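Residue numbers (my numbering), protein chains in the order written: chain E, 106 to 631; chain L, 106 to 631.
Quick caveat, the hints were computed from the structure, so don't treat them as lab data.
The model shown is predicted, which means the values in this text are computed figures rather than measured ones.
Don't be surprised by glycine CBs; every beta carbon is placed ideally from N, CA and C.
Every clue listed holds true.
Taking lysine-lysine and the DSSO-like style, the derived pairs with C-alpha atoms no more than 30 Å apart in a straight line are:
| # | chain 1 | residue 1 | chain 2 | residue 2 |
| --- | --- | --- | --- | --- |
| 1 | E | Lys510 | E | Lys483 |
| 2 | L | Lys630 | E | Lys630 |
| 3 | L | Lys510 | L | Lys460 |
| 4 | E | Lys467 | E | Lys349 |
| 5 | E | Lys630 | L | Lys613 |
| 6 | L | Lys349 | L | Lys460 |
| 7 | E | Lys483 | E | Lys349 |
| 8 | L | Lys630 | E | Lys613 |
| 9 | E | Lys460 | E | Lys483 |
Quick look at which bits of chain E chain L covers, simulated, 3 or more residues with Cβ under 8 Å:
| # | segment |
| --- | --- |
| 10 | 231-237 |
| 11 | 249-261 |
| 12 | 551-557 |
| 13 | 582-590 |
Protein chains: 2
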Amino acid sequence: MDLMGKQFIGYGRSSEGTATFQTMDPSTGQALPGTFYAASPKEADQAMQLASAAFEAYKNAGGISRAAFLNAIADEILALGNALIQRAMAETALPQARLEGERGRTVGQLRLFAHYLEEGSWVEARIDPALPDRQPLPRADIRNMLTPLGPVVVFGASNFPLAFSTAGGDTASALAAGCPVVFKAHPAHAGTCDLVARAIVAAAQRTGMPEGVFSLLFDPGHETGSTLTQHPLTRAVAFTGSQKGGMALYHLAQQRMEPIPVFAEMGSINPVILFPEALQQRSAALATQLAASVILGVGQFCTNPGLILAIESPELNDFLEQLGTAIEVSAPGVMLSAGIRENFSALAAEMLEQKGVEVVGKSKSQTNEHQAAPLIGKVSAARFLENPRLHEEVFGPFSLMVTCKDVRELSQIIQALPGQLTGTLMAEPSEIENYEGIVSLLRNKVGRLVFNGVPTGVEVGHAMQHGGPFPATTDSRFTSVGTAAIRRFVRPVAYQDFPDALLPDALKRNNPLNIWRLTNGEWSKS
Amino acid sequence: MDLMGKQFIGYGRSSEGTATFQTMDPSTGQALPGTFYAASPKEADQAMQLASAAFEAYKNAGGISRAAFLNAIADEILALGNALIQRAMAETALPQARLEGERGRTVGQLRLFAHYLEEGSWVEARIDPALPDRQPLPRADIRNMLTPLGPVVVFGASNFPLAFSTAGGDTASALAAGCPVVFKAHPAHAGTCDLVARAIVAAAQRTGMPEGVFSLLFDPGHETGSTLTQHPLTRAVAFTGSQKGGMALYHLAQQRMEPIPVFAEMGSINPVILFPEALQQRSAALATQLAASVILGVGQFCTNPGLILAIESPELNDFLEQLGTAIEVSAPGVMLSAGIRENFSALAAEMLEQKGVEVVGKSKSQTNEHQAAPLIGKVSAARFLENPRLHEEVFGPFSLMVTCKDVRELSQIIQALPGQLTGTLMAEPSEIENYEGIVSLLRNKVGRLVFNGVPTGVEVGHAMQHGGPFPATTDSRFTSVGTAAIRRFVRPVAYQDFPDALLPDALKRNNPLNIWRLTNGEWSKS
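Chain E on its own, in the form it takes in the complex:
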């Protein structure tokens, strides 16, 4: 632990800055061992220069080498053993089983991207062969594939200290794409970041990657993040966190001489619609299911169901009573940091002060100063529509029930909502076909539609979409979870009339990589 707290600049460690900070155990408020140095602007520049210098070699290293690097990162993370889990527990108050599961997700994600690179079809090769006899003009041979953008700056998220942090989905997809990564450590779990960075650097050295393919910088404030986002060598930014933080980076990036994409995932309230027959058939089951989703992980998920919508009915009253009871008997939990807990308390209290908001249920357990108590409020559609404050996210174990008079009010609410990561339909299959209009309107607002499930739990696969219309994310055309996350960091390049020997293997005439390619608009491996 001797070097803990120094910047990772390529393969070296550095501590030029004078300001230092420590991380806290959120369940006690006590400082943890390890002193972290705030990076200096010079260190940030060094990391970007090294990343840029590494780009040419890393880009051309090929998918198989990059896959070996990603698999080595997974191995090195597992080799950190229990020390990693213990440090993450201490810094986040998340339970051991959750963090072990999250480590599994992180390692699985790295291996999935490694497999994706080995398989090779991810470059989306598109081929329009020459038509020398076409009239009035011959057609040239055009071949197109994805190529990496260049160095990417990644910001760690507070709520997933492993899966959305140092070696999380953003880092894994950028490295898979062929982009060097400069990572800004999250100050609340800086020790966890330090350990994982060691694993990445060890893996890079072991697999012969160019120095600078990964660097990590510490900073308790915003200066290093701003410097990295504005650095002329940065080609893209990935961020998961608050709307305020995401939009600050977004505007910095757009005001550069050369604007760059910022992929900020800024959370949402994830509306859940309860349809009449479903309420009639299973109001108790729905109450149990939703209560569990609201309080899961002390509500600290960007897919937490923060808004529940339904049309007034006696069955809705039953549901609310059952939901209230489930929340009353639920346990309070320690949140990720004192700041997050204070923010939750303030915002939840503000919600209850809004006109027409009543309490459906609140945890009755004793709550200490480090804990947050689950809470569910209720308001009429009319009040909700006139008060945009009620449309905002309360990060933590909170949800707002909105009761509608009829389908028209329900439609109005959906149309008034800002963009969302997810939208959920709790319905009987027999009734949902009567609500096609509702489903179509909801689709305009979300990145993922869930049927009779809960929005929490984001599968890492080929078909996942984790990203929705603004302000859920800054760019709804991309996902930050799943293999398609790699697309954020690449762009297509076309090769016109190239001799075969000069083409990348993915585009050569005899398809030596045996990958799926779109030839004249048809997919094949031939």
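Fit chain L to the supplied structure of chain E, relying on the hints for placement.
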């Protein structure tokens, strides 16, 4: 021609504004028949409201209906007959054969998108079927496809009054995606825009499209364009034109409460590298080929080769002599508008005033006040590297030859260049393998690499990339030419655990549309 000059608001015509303008024949400077009204802010709002109202029905109309609409637009454009060609000739001074060819490209592009919709695989269906027995947790069924963003604002380009204007590639790809279009007519060829808008509206009515799927607004200035870009119902903007215009729209869009994507294609200088053996083998042929590309269409293409790079040699001197002669005997041409011609003269003169710039050749023909004379300059790599003014585009028949001492200087120049639409290699296949580093560096800067061809001539196909790193375009991850242009106006939506009856046809279990789908990472039609 009675209604010419009034706004197209859905299926109606309107002229609420008080300011009017006319279009000019650039070869005479004389005003042409027809008075055009500048749109009022209220008219701009009406167009956007109608577009937004049309979105729900148009989005759900399905690919086959939208294909019928696009084919009908193509038919209606052809039905305009010679009147369209005559008006476009009068407004742009482009020759008849070129405009007939451009009409063919425009109609072909619409039919290609129609075919693309009929085939149906463009929605990129991705399917990860449920794994109910997976440990430790079952996997949900996740199905993903592309969905349209909403109303798109399109700006017509001056240099392609048909193929990049009212019914050009941006409009065609947005309509194909399922997005209503509000089109800002280019004031220099407003009459051509008016005629094509009639064709689109007639096609929309004939094929039963919702009113508002297309509107067109006139404005000689920038106000209507700004209003449309800032309008809260606008979901994306497509623009082809100057860097100043594109960046103004980009910044307006990023400063909105809800930022939206702006796809601005802002031109570039399209470097052409002449390699030693190629110069040795065929300096005369290269001179003829490049001279023709520089003067083609009076140099009014965004892929015009504005920069020629080579290492000093006796053969390069031969090439320059031959290039100079070819330019000296070339004819001057009328440019698209008086403004464009004045701009060309001023910028070309400014280039010649830069330190170290010499003239290689200039058209010796008499040039009248409406014409531009082709011109090629020459400068050393050292001078070029120290003067960023020399890296900028001169829109028109101009190119700058930069002579390098060695490969190192050539590499430095490529690294110093801003982003480009294209980069061209003139080389013998035997020598180019010695320059892998040069090709790799050039690839970082361009959207399309051309081998032994000219960059002018952009094929409309599946593999084309027309879009490069900033400032060539605002978003290098997308193309504005070819079928992939549709991707600018769509985003993925995932469906989790949906009953089959509720899924869009593209995602249903038995693949009723018989389209290519990515299931568990493999493409198939089953």
